[in-house]
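J.: All chains, full assembly: derive it from the sequences and hints.
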Amino acid sequence: MSLEQKVADLEKRLASLEKNQAKDQVALVIFSEELDRAVAAFIIATGAAAMGQKVTMFFTFWGLNILRKQKLYAGKDWMSRMMTMMAPSGASHLSLSHMNFWGIGTKMMMMKMKEKKVATLSDLIKTAQDLGVNLIACEMTRDLMNIQDEELIDQVGSGGVGSFLGEALQSRLTLFF
Amino acid sequence: MSLEQKVADLEKRLASLEKNQAKDQVALVIFSEELDRAVAAFIIATGAAAMGQKVTMFFTFWGLNILRKQKLYAGKDWMSRMMTMMAPSGASHLSLSHMNFWGIGTKMMMMKMKEKKVATLSDLIKTAQDLGVNLIACEMTRDLMNIQDEELIDQVGSGGVGSFLGEALQSRLTLFF
Amino acid sequence: MSLEQKVADLEKRLASLEKNQAKDQVALVIFSEELDRAVAAFIIATGAAAMGQKVTMFFTFWGLNILRKQKLYAGKDWMSRMMTMMAPSGASHLSLSHMNFWGIGTKMMMMKMKEKKVATLSDLIKTAQDLGVNLIACEMTRDLMNIQDEELIDQVGSGGVGSFLGEALQSRLTLFF
Chain A
1 MSLEQKVADL
11 EKRLASLEKN
21 QAKDQVALVI
31 FSEELDRAVA
41 AFIIATGAAA
51 MGQKVTMFFT
61 FWGLNILRKQ
71 KLYAGKDWMS
81 RMMTMMAPSG
91 ASHLSLSHMN
101 FWGIGTKMMM
111 MKMKEKKVAT
121 LSDLIKTAQD
131 LGVNLIACEM
141 TRDLMNIQDE
151 ELIDQVGSGG
161 VGSFLGEALQ
171 SRLTLFF
Chain B
1 MSLEQKVADL
11 EKRLASLEKN
21 QAKDQVALVI
31 FSEELDRAVA
41 AFIIATGAAA
51 MGQKVTMFFT
61 FWGLNILRKQ
71 KLYAGKDWMS
81 RMMTMMAPSG
91 ASHLSLSHMN
101 FWGIGTKMMM
111 MKMKEKKVAT
121 LSDLIKTAQD
131 LGVNLIACEM
141 TRDLMNIQDE
151 ELIDQVGSGG
161 VGSFLGEALQ
171 SRLTLFF
Chain C
1 MSLEQKVADL
11 EKRLASLEKN
21 QAKDQVALVI
31 FSEELDRAVA
41 AFIIATGAAA
51 MGQKVTMFFT
61 FWGLNILRKQ
71 KLYAGKDWMS
81 RMMTMMAPSG
91 ASHLSLSHMN
101 FWGIGTKMMM
111 MKMKEKKVAT
121 LSDLIKTAQD
131 LGVNLIACEM
141 TRDLMNIQDE
151 ELIDQVGSGG
161 VGSFLGEALQ
171 SRLTLFF
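Chains as they are written, first to last, in the numbering used here: chain A, 1 to 177; chain B, 1 to 177; chain C, 1 to 177.
Any given hint could be a false lead.
One copy or two, either will do: identical chains are not told apart, so a pair holds if it fits within one copy or between any two.
What the hints assert, rightly or not - When the alpha-carbon atoms are kept at most 27 Å apart in a straight line, the in silico DSSO-like pairs for lysine-lysine are as follows: (1) LYS114 - LYS76; (2) LYS71 - LYS126; (3) LYS54 - LYS23; (4) LYS71 - LYS116; (5) LYS69 - LYS19; (6) LYS107 - LYS76; (7) LYS76 - LYS117; (8) LYS116 - LYS76; (9) LYS126 - LYS54; (10) LYS107 - LYS12; (11) LYS12 - LYS76; (12) LYS76 - LYS112; (13) LYS117 - LYS71; (14) LYS71 - LYS107.
To be clear, the hints were calculated from the coordinates, so they are not data collected in a lab.
T.: Following this line, the structure appears as structure tokens:
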């Protein structure tokens, strides 16, 4: 092979590597509705966004309740109404995964977080949106739990497993919460 | 350095990059036996397989119960018999992680999933196997919980942490469920 | 473009790829204090370290209790004292995530693990440290739960989300436990 051919061959292989290399992006799945897990997820998401990564958070199953701003009952069948009733009303109504003790443990933790000047979950969500973190609601979950647009906070996108995988397969960091 | 030498050097570095680059593969650890987490894992697994990724699901601890087809008691010591008794009998006998309410919440969710034409977990497992997703049972867990071959569905492989890491360290996407 | 220029251009692009490529390292977040999840995390961590990966385990929220060696109450306010009281006293006092049954299930599992010669969590932590696994305590959690140096086992570092992300964004494998 001539040197010209060798260089052309290297160029092609290099272009293929560049195309397949992980991008500067992070993809997180938020499955749980527990306060502590949600805080952990948003601290990692905002941290990564501040470091210049493109961050996508994909909210599925119970995780979608973190993005609620209200509950609507009109036009839902009885099962959807029951699910809506049981769901927490958004980021400031979640419970800890451990030591909840009928809400007392959660209240204590929130007092500690305030005392130690740790951002609340609502603050973290706001910061994430300001930093351009992409919040995506799982379409299947929305359909399954009959969650309307008006029940979610603003600037939340919708997507299926394909849109999650499109991001995740090119990400440097992927975690399931 | 001559141009020939430079090109030879680039070729060597390029080959090393190609070797170390993440392959088109996905490695998932399934640790939990909760219906909702299992459904999430299989939706991601089948989605990735449909997009051409080589997918390996590694079932460990409680996750192994998802792959059960029956329970056997013969030839087990009393502790293994008790563990077998407490375990769910497979994919169609799992409970939700939240809102189970002694099985009522889980039944409601399964009715909703049927109404919305979301695939059941058993369907998802079948689809995963049809798409060539590799289902691996953790050897240590099988030994610990004394789970026999006849208790698991067909076409399930066995492997240790080394076989998981062999796949995971070369994967584009890794998640722990 | 002359051949010399082409080769110089390839060299630059190759250097950039080498810099951005995932290193031989693994970054794990340990959020839970459940015995089974902790064992799974340490089996993966020690396995990866034995395979030559640089492994960092980042302990946050309840996960920090895995690294406890004792509980101190002096000089803490009443909320921190209550949190300390409720926390498990370290790796040999954790409970299973399922089938705990007021400790009976956990004891049975530990007997089984001993019988099957599976390493205990304390052994696994020791092995991890011997293999050079980096154990990092989350600074925010330490502050929030008022955990003193003397309450943690030796050779544990401290770090924030930035130090986790610094490792994780360059890792081949990242998992959240």
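J.: Against this structure, judge whether each hint is valid.
T.: Going down the list of hints, with the structure as the test:
| no. | hint | in the structure |
| --- | --- | --- |
| 1 | LYS114 - LYS76 | between (37 Å within a copy, 17 Å between copies) |
| 2 | LYS71 - LYS126 | within (20 Å within a copy, 37 Å between copies) |
| 3 | LYS54 - LYS23 | both (9 Å within a copy, 20 Å between copies) |
| 4 | LYS71 - LYS116 | between (31 Å within a copy, 21 Å between copies) |
| 5 | LYS69 - LYS19 | neither (40 Å within a copy, 43 Å between copies) |
| 6 | LYS107 - LYS76 | between (32 Å within a copy, 19 Å between copies) |
| 7 | LYS76 - LYS117 | between (40 Å within a copy, 18 Å between copies) |
| 8 | LYS116 - LYS76 | between (42 Å within a copy, 14 Å between copies) |
| 9 | LYS126 - LYS54 | within (16 Å within a copy, 35 Å between copies) |
| 10 | LYS107 - LYS12 | neither (59 Å within a copy, 55 Å between copies) |
| 11 | LYS12 - LYS76 | neither (56 Å within a copy, 59 Å between copies) |
| 12 | LYS76 - LYS112 | between (39 Å within a copy, 13 Å between copies) |
| 13 | LYS117 - LYS71 | between (30 Å within a copy, 25 Å between copies) |
| 14 | LYS71 - LYS107 | both (22 Å within a copy, 23 Å between copies) |
Violated hints, in rising order: 5, 10 and 11; the structure is consistent with all others.
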